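S.K.: Sequence:
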Amino acid sequence: GSVRRTGDQIRLNAQLIDAATGDNLWANRFDRGMAGVFAVQEEMSGEIAKALGMQPSAAESERMARAPTSNLEAYDYYLQAETVSRSVLQAGLRDALALYDKAEELDPAFAEAFAADARTTVYIWREAFNDIIQSAPARKRAYEKASRALELEPDLSSPYAILSIMQVVNRRYEDAIASAKKAVSIGPGDAEAQAALGYVQLYAGNHAEAANAVETALRLDPDLSAINRETAGLVFLLQGNVEKAIETLERTRADAPTVGNFRFALAAAYVRGGRLPDAKAAIADGLRLVAGSSYVDSLAGWEMTHAHFRTPQDLAVLVNALRQAGLPQWRFGFTPDEHNQLKGAEIASLVIGHTLQGQIEPGLQPAFLQIRSDGKAAFRSTTRLVTETVYVDGDLLCEQSENLFGRPDCGPVYRRNDTAVKGYSYANTSKVFHFIVVQ
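So the sequence shown is residues -8 to 430, counted in the numbering used here.
These aren't lab readings, by the way, just hints derived from the structure by calculation.
In this text, all values refer to a predicted model and were calculated from it rather than measured experimentally.
Where a beta carbon is used, it is the ideal one built from N, C-alpha and C, also for glycine.
Treat the hints with care, since some could be wrong.
[Unchecked claim] The list that follows gives simulated cross-link-like pairs (lysine to any residue, SDA-like), each with its CA atoms no further than 25 Å apart:
no., residue 1, residue 2
1, Lys413, Asp328
2, Lys367, Thr296
3, Lys235, Ser78
[Said to hold, decoys possible] Simulated restraints, written as ranges between beta carbons of each label pair:
no., residue 1, residue 2, range
4, Ala127, Arg363, 16 to 26 Å
5, Asp328, Pro99, 52 to 62 Å
6, Thr380, Ser340, 53 to 63 Å
7, Asn4, Arg163, 45 to 55 Å
8, Arg20, Leu267, 27 to 37 Å
9, Ala127, Asn19, 46 to 56 Å
10, Ile8, Thr380, 30 to 40 Å
Using the sequences provided together with the hints, build the complete structure.
M.R.: Okay, structure coming up:
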């Protein structure tokens, strides 16, 4: 369709086309003043629902009849935020949060702005984009914004969808399924609610239910966001429908050509489809685009950020495919000599109760890790300050903080032979730290 504005008048030409057949299902033209923009939305939504043979629920009908806000400036900020958040670029996600804040400030009763803010924040949280907002503040923001949206409009489906994602990441599978089903019952025509149910069922290990949900989401919105389309691709992949997974994930790549994160799921699908050269090319492309800005640029990072799969075999399928495609074990090109790996007792004696000074990748930024004898610790670099607990588990050194969903971030320590003083390297999901013990 198209929208034209002349002064305070708008003309909207809209068409509804069956994406599978190309058939024109519905078309209409609307001429209104700017003050009637929300009435146009209501009228158009009703006509589309009728053309599709859908019967909106009472809550959906009431919501369509209600203007989301009376403040057009707030609505403009909201639309800008929705546009940049849909890009999924980290810079865009950061800008989106600021734009949602402006919309909410202009209209503190704008429920849809609070809900969209929560949805974007929970995506930042689940992807561990800590450079935008750290994990604990992101979780708190998402809960608060979703709660505010629900307080303003109890019949919104999105707060329950958002809650379901947070619950499944925290491995509260049955609670997550119940919340996602609640979202769908409130908004059966809401594609994002269906996509959230698909995400939850995917990680809960319910492949058939996940496929049903994402297929419904795709029917409701053939232009589903790249975020939700990636979820659909993973669902089809683990269900065993490899060709459909590849088709879906290639569309995700086309919709988000500069977002590297989505390349890795596509690479796994290519491996499962016997297309190894394409898989290796997708990994190379993903690493180039991500450029060290995401934890999913290593096998260790993928295992950490997707550790909420209830069925270990599901995660293993993806990780093994990514390994075949050439995704490195550690970040920033770190390839240690396994013969120099320290044992657990050596690590404990070396670091517990001591201060480690060194540099982290990329760029060899100065960094310090101060560890007390009780394991309480602080890590600081030019860009990070983290309070945490440090301990040894088997032959791995582990750090645990509020970041990365509170999960332990463990990795090996290696003795280095290329330094004049006795040096070591430590690699985990979040860092590669080259250090010496200074006290």
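S.K.: None of the hints should be skipped; say for each whether it holds.
M.R.: The hints, checked one at a time:
1. Lys413 with Asp328: Answer holds: Lys413 to Asp328 is near 16 Å, not above 25 Å.
2. Lys367 with Thr296: This hinted pair holds, its Cα atoms lying about 24 Å apart.
3. Lys235 with Ser78: This hinted pair holds, its Cα atoms lying about 23 Å apart.
4. Ala127 with Arg363: 16 to 26 Å: holds (22 Å)
5. Asp328 with Pro99: 52 to 62 Å: holds (58 Å)
6. Thr380 with Ser340: 53 to 63 Å: violated (18 Å)
7. Asn4 with Arg163: 45 to 55 Å: holds (46 Å)
8. Arg20 with Leu267: 27 to 37 Å: Violated - the Cβ-Cβ distance for Arg20 and Leu267, about 51 Å, lies outside 27 to 37 Å.
9. Ala127 with Asn19: 46 to 56 Å: holds (48 Å)
10. Ile8 with Thr380: 30 to 40 Å: violated (56 Å)
Hint compliance for this structure: hints 6, 8 and 10 are not met, and every other hint is.
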